[in-house]
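Asks: Those sequence lines, one after another, are chains A and B.
Residue numbers are given in this note's numbering: position 111 of the first sequence equals residue 111, and the series is strictly consecutive.
Residue numbers are given in this note's numbering: position 234 of the second sequence equals residue 234, and the series is strictly consecutive.
Please keep in mind that the hints were generated in silico from the structure rather than gathered at the bench.
Heads up, the beta-carbon is just placed ideally off N, CA and C, and yes, glycines get one too.
Check each hint, because a few of them may be wrong.
[Stated by the list, open to error] Residues on chain B that point at chain A, a partial pick, calculated with CB under 7 Å:
id	residue
1	L171
2	A221
3	D222
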Amino acid sequence: MIIHVNSSSGLPLYLQIESQLKHAVAAGALKQGDSLPSVRKMASDLRVNPNTVARAYQNLEREGVIRTVPGGGTYVADNVPGLLKVEKLKRLRPLAMQVAVEGTHLRLTQEDVLKLVEEAFEDLGAKP
Amino acid sequence: MTEYAIQTEALAKLYAVTRAVDGLDLRVPRGSIYGFLGRNGAGKTTTIRMLMGLAAPTRGSATILGMRQPEDKLAILQRTGFVGEKKTLFDAMTGRDLAKFNRPFFPRWSDELMAKYSRQLEVPMDVEFKKLSLGNRTKLCLLMALAQGAELLILDEPTSGLDPVVMDALLKVLIEDYAGEGRTIFLSSHNLAEVEKVADWVGIIHNGKLLLEASLEDIRADYRRVTVAGNALPSERNEQIFSISGSGDSREYFVRNEAERFAAELRSQGATIVEISPLNLEQVFLQLVRKEEPCTSGNSGATPVAVSSSI
Chain A
1 MIIHVNSSSG LPLYLQIESQ LKHAVAAGAL KQGDSLPSVR KMASDLRVNP NTVARAYQNL
61 EREGVIRTVP GGGTYVADNV PGLLKVEKLK RLRPLAMQVA VEGTHLRLTQ EDVLKLVEEA
121 FEDLGAKP
Chain B
1 MTEYAIQTEA LAKLYAVTRA VDGLDLRVPR GSIYGFLGRN GAGKTTTIRM LMGLAAPTRG
61 SATILGMRQP EDKLAILQRT GFVGEKKTLF DAMTGRDLAK FNRPFFPRWS DELMAKYSRQ
121 LEVPMDVEFK KLSLGNRTKL CLLMALAQGA ELLILDEPTS GLDPVVMDAL LKVLIEDYAG
181 EGRTIFLSSH NLAEVEKVAD WVGIIHNGKL LLEASLEDIR ADYRRVTVAG NALPSERNEQ
241 IFSISGSGDS REYFVRNEAE RFAAELRSQG ATIVEISPLN LEQVFLQLVR KEEPCTSGNS
301 GATPVAVSSS I
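Kindly produce the complete structure, drawing on both the sequences and the hints.
Replies: Now the structure itself:
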């Protein structure tokens, strides 16, 4: 698993780590039960402050993407987050709204935008 | 145990004509990597010398690891790894000699650590100090500080003269063995990109005063540049707006927080928001320091001129 952080991108470093780990799980590069490096290992590999990695891990754990066994490491969660579908949809709605708004501003049609989302799913599926 | 590894209250060093350090209130949280930033002559080295008890403050106080300067000066020196601005040690001594000389002064000195770090940082141990290159001198100074096993490191420009490979090795040591162990690092540097990655707190000093002390995550999450076009745009800085550039009907506002709300307010007054973009540490540094520069002409609001009361 390779993670890159870019300190000048303006996106908080912990968000960069979060989104890359989420992407790796969604694309199947990380599978359920795979172990993740410790906070300290990841921090020293990326040469970033350990608090930054700890914050990313905390957020991912809260969202059910990973789980931490006290004293026993960190793993990709076995189960999908125990949320009702209604809750999951609610979480994604702001992002969907943002895509719709940006698409409208760019004068794209609804079909164009939906096609883009479909392609994104295909890209994820194509990964090993 | 106090919450801060370093805490100063109105710390000041005044010389006959200059205020080198002018009322500094530093709060360096335990376990943090704190980047202490400023231009040449901003007061960084004078501050660090006062923290270490190498210069006496004119006013104010400094508390290091819960101990007070100057009463506990010796204990502070024993428990703090220090690399000064001038990377000097005894000229005629080799790294091995210096280790033997330093060992008895520091209760937590570890030969094991010294061996490990001299390998990681590739420090030549059998060459007299005076015959070493600038980079190797810096490495030897760092090694002596690291081998102390101290719970606090105070480093003045620790990366000056280091090649990229050694610099990377040093950052790994600092993150793994210091920050990873909950120990504190206070370092001054001009390398903003490096600080931005490894630090979690920054303090920016200018003309002896602290312009900013904040966690880097807050800066990344909240600090924004808002580019605006419109008429009668605000031209005054305030709590939220820390810098403004541009003039007339096109301006850039640098805000500390709530950029979206700031933009919405301007929009409701008829202005057009061109862009809201995040700031990196270098941009924050430049904007903060620049606004303090004495550029009187054309800097609206900064110069007291005879203004008619109708405005």
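Asks: Please go over all the hints and tell whether each is borne out by the structure.
Replies: Cross-check of the supplied hints:
The beta carbon of L171 (chain B) is positioned within 7 Å of a beta carbon in chain A (closest approach about 5 Å), and the interface hint is therefore held. At its closest, the beta carbon of A221 (chain B) sits 6 Å from a beta carbon of chain A; the interface hint therefore holds under the 7 Å criterion. With a least beta-carbon distance of about 10 Å to chain A, the hint placing D222 (chain B) at the interface is violated under the 7 Å criterion.
When held up to the earlier numbered hints, the structure conflicts with hint 3 and nothing else.
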